[in-house]
Every structure is written in structure tokens, then in C-alpha cells.
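> Residue numbers (this note's numbering), protein chains in the order written: chain A, 1 to 151; chain B, 1 to 151; chain C, 1 to 151.
Careful, some of the hints might be misleading.
Claimed, not checked - Below, a sample of chain C positions facing chain B; criterion: calculated Cβ distance under 10 Å:
hint: 1; residue: P26
hint: 2; residue: F27
hint: 3; residue: R29
hint: 4; residue: G31
hint: 5; residue: I34
hint: 6; residue: H39
hint: 7; residue: P100
hint: 8; residue: Q135
hint: 9; residue: L136
hint: 10; residue: E145
The set of hints was computed from the structure by calculation and includes no laboratory data. Yeah, the Cβ is synthetic: ideal placement off N, Cα and C, and Gly gets one too.
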Amino acid sequence: MSVYSRLSALGVTLPQVTPSVALFVPFVRTGRLIFVSGHIARRNGEPWVGRLGEQITVADGQAAARGIAIDLLAALHTATAYLDSITRIVKLVVLVNSAPTFTEPHLVANGASELLHQVFGDRGPHARTAIGVAQLPLGACVEIELIAEVA
Amino acid sequence: MSVYSRLSALGVTLPQVTPSVALFVPFVRTGRLIFVSGHIARRNGEPWVGRLGEQITVADGQAAARGIAIDLLAALHTATAYLDSITRIVKLVVLVNSAPTFTEPHLVANGASELLHQVFGDRGPHARTAIGVAQLPLGACVEIELIAEVA
Amino acid sequence: MSVYSRLSALGVTLPQVTPSVALFVPFVRTGRLIFVSGHIARRNGEPWVGRLGEQITVADGQAAARGIAIDLLAALHTATAYLDSITRIVKLVVLVNSAPTFTEPHLVANGASELLHQVFGDRGPHARTAIGVAQLPLGACVEIELIAEVA
Chain A
1 MSVYSRLSAL GVTLPQVTPS VALFVPFVRT GRLIFVSGHI ARRNGEPWVG RLGEQITVAD
61 GQAAARGIAI DLLAALHTAT AYLDSITRIV KLVVLVNSAP TFTEPHLVAN GASELLHQVF
121 GDRGPHARTA IGVAQLPLGA CVEIELIAEV A
Chain B
1 MSVYSRLSAL GVTLPQVTPS VALFVPFVRT GRLIFVSGHI ARRNGEPWVG RLGEQITVAD
61 GQAAARGIAI DLLAALHTAT AYLDSITRIV KLVVLVNSAP TFTEPHLVAN GASELLHQVF
121 GDRGPHARTA IGVAQLPLGA CVEIELIAEV A
Chain C
1 MSVYSRLSAL GVTLPQVTPS VALFVPFVRT GRLIFVSGHI ARRNGEPWVG RLGEQITVAD
61 GQAAARGIAI DLLAALHTAT AYLDSITRIV KLVVLVNSAP TFTEPHLVAN GASELLHQVF
121 GDRGPHARTA IGVAQLPLGA CVEIELIAEV A
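Let's have the full structure, built from the sequences with the hints guiding it.
Dropping the structure here:
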């Protein structure tokens, strides 16, 4: 079953990738690795603003992380033109906008890891670091960067 | 002198690596690089909870970082089956759970860097980034991720 | 136009790279990648201390980020002996010492990205993650790490 079939079965439509500004880009390929820029959580096209441990629940944080994973897939689709050429999701860094008391960034991160597992199967399990940070661009509740390996 | 002899001389016993959950894994190898997941500080098997600049001293933070380095070695041992096949510790990111006034995450990081130097000798010196963060998984005082190069 | 000519046209002189301590080093090369350690902002040779959203303005943060980019170039020059052998700036992680209300780390990051674009042209655009963090080594306002690809 192809990655695209799995996305379709999950009802996931990949968004358009925002055209690159000149200064930095959504991804860079070097050798067999694709480094994808940190992508922030969005809802209805706007930054999904708030902080875990304050306005944002763990469940909402997980939904935000899942949404980012879809945006990361869209970047990988643009990078490869064919998601099934990805041989491994190598690593995720999951940055969670956290009140100083919020100690569950790893649960938030699961929202992204689960989607990647559903879509990539055996190629999905990745190394991962989850971190609670002081703030994120535009006040977003979650930001995720990714490294993938291509054939 | 092999890496295992040095560990033995230091009185260090490598712990068992926690079996992977399905969603993410302790490490991923791609080409000659091994990306090891962020590992949190533990003491007596439990998360070592607290914040630098509050309950945790620099000395305790260094001990926590050293303990994580041992866990990272255990992951690398599992990844390679033979630690002497590691040709270089490439990079560490050291995340320190910090009160907003704590400005010495680099001193905490030395606890991990020193152990890697003792164990790997010339192959030990690595690129490094030390950061003070708002929180970490389960309230741990330190979290470290690592990249290593294998033969 | 060579990278050195562009630096000269910008009036930028590369600083001396601080000699490595034994424990960690300014950069590690592995295969075609150079991982450069997190470098903190400096002004007149001293750490540029402060927090965005408090004492440090966005304009000053951008100047600090630009200054770090110059230090990163000095590290890359030491690593390669010839900056024109760099085929791509792969990735930046920009860590901004942030008050909990400061939501523009990406604007601060532009200070570094712009310089790299000016100096490297088509080889300059990189993947990037900008993060607001609780603190940084020595209280610095910005810290940046970099990955570059060499020929």
C-alpha cells in the first residue's frame, strides 16, 4: 500500500507548500538526507497560538502536532515528488510552547509520531527529541523539524 | 584500550536499553550516522526531576548529564553491537531545564562531554549546543541527544 | 565572485576561531557534512547578554544573529580552509533568549540568514528552525548552530 493510499485512507489531503522566501527554504536535500525546516502549528490557515499548560490541552497539542506532520509530509512530497521514495523517517525534534509547569511534551509529540507511523509503516519509527520551550514563532503552540532518508 | 575497557576502568556498567515503542525508537542509523533520541536524566530508574537555578545544583546537573551519556552509550552499543566501531562522536545537543536566571547550561553539558572524552579519547570531542529550556519530559532536569559516526 | 570577495565587499573580517578545549570542538566533519557547534552572540568580544522581549530589541537581536553568522563562517573557514568549497548551507537552528511573550524569533533569525544569502548566493538558502528558549550560555541573547555541505 503506497504512502499516498494510506494518506487517502486517513482522509488526509496534503496542503500546498508555501513558496520559499529567498532567505531560507522549507527543506534542503544533501546526499540521502532531507532536512525539513521547523514548521509551526496552524489551524484554518492561521498560526495555532497558545501554550501547553495554559490555553492548550494535551489533546489539542496532539492535534496540532498531527497537523504539522501533514505539513511536513507536504514538504517531503515537494522534495521528492514521490513520498514512497522515502526509506526512513530519521528524526523529529518536537518543540512545545510550554508553561514552566508543563512536563508532557512527549505526549504532544505522539500526535506527529502516530501519523508518521500510520503513513510510513516500518519506515516510520524515528529518533525523537521532545522539548518544552519558552516561545515559538508567531506564538504557535508546537513546532516540529524533521530529517528523512531517501532512496 | 577498547571503549569497553575504559568503561570498565571507570566502573561504568551500561544499562539495558528500553525496548522501543512502536512510534519512535532510541536510535536510527542512516549511512554512517546514528541519530540517538533525546534521553532524559534518571536516578535510581526514575526521572531526575527539577530545574537548574532552583532545586538542582550545577554539580547535580553535571552528574545527571554524565548519567545520560551512559544511557546514550548503551543505545550506541545496541545500535552497533560494538562501541569500538564508532569513529566519532559528531554532535551533542544538551537541553537543560532552566530557571530564567540560570546561565550555565554549558557547565552542565560538560558532565556528558567529559565522560565521552574519557571513553572515546580522540574520537570523543564533538560539536555541541547547550540550551536552557522551559521544561522537559516528565520534569527531568536534563535531556541530551547525540549523533555518532560509525565505520 | 568568491565567498571571500563577497565578505570583503560587505566589510566583514572573519575573527580568529577560539582554540578547541579538549571536551568539545567548534565543528566536526563527517562525510560531506560539517556540524558547527552552537555559537553565542558576542559584542566587543564579550557575550551579548539579554533577552528578546526585555532588554534586547528585534533590531539588536538581528545584529547579534548576523554577528554569530560571521563567527560560524570563521569556523567553516577553519574547517575547510576554503569557504568556496562549501556547496550548501544545509540548516540553521536559531535559539533566541526570549521573554515568555516574545513571539518573533524568526525575525531575529533573519539577521543570520540574510548574511549567509549575501555571502553564499544560491548556495545560501537553508532549512531553518527558530525557537524562543528560557536561557542561553552566559546569558547570551542568541545562539546559532549550523550544518553545511562540502564538495
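> Next step is simple, just say for each hint if it's right about the structure.
Each hint, compared with the structure:
The closest approach between the C-beta of P26(C) and any C-beta of chain B is roughly 7 Å, which is under the 10 Å cut-off, so the hint is satisfied. At its closest, the beta carbon of F27(C) sits 6 Å from a beta carbon of chain B; the interface hint therefore holds under the 10 Å criterion. Against a cut-off of 10 Å between C-beta atoms, the interface hint on R29(C) holds, since the closest Cβ of chain B lies about 9 Å away. With a cut of 10 Å, the hint placing G31(C) at the interface with chain B holds, because the nearest CB-to-CB distance is about 6 Å.
Look at I34(C): its Cβ gets to within about 9 Å of chain B, closer than 10 Å, so that hint holds up. Below 10 Å, beta-carbon pairs count as interface contacts, and H39(C) has one with chain B at about 9 Å; its hint therefore holds. Below 10 Å, beta-carbon pairs count as interface contacts, and P100(C) has one with chain B at about 8 Å; its hint therefore holds. A distance limit of 10 Å between C-beta atoms decides the matter here; for Q135(C) the minimum to chain B is near 3 Å, and the interface restraint holds.
Of the supplied interface hints, the one on L136(C) holds, with its beta-carbon coming within about 6 Å of a beta-carbon of chain B, less than 10 Å. The criterion of a C-beta within 10 Å of any C-beta in chain B is met by E145(C), whose closest approach is roughly 5 Å, and the hint holds.
The structure agrees with every numbered hint stated previously.
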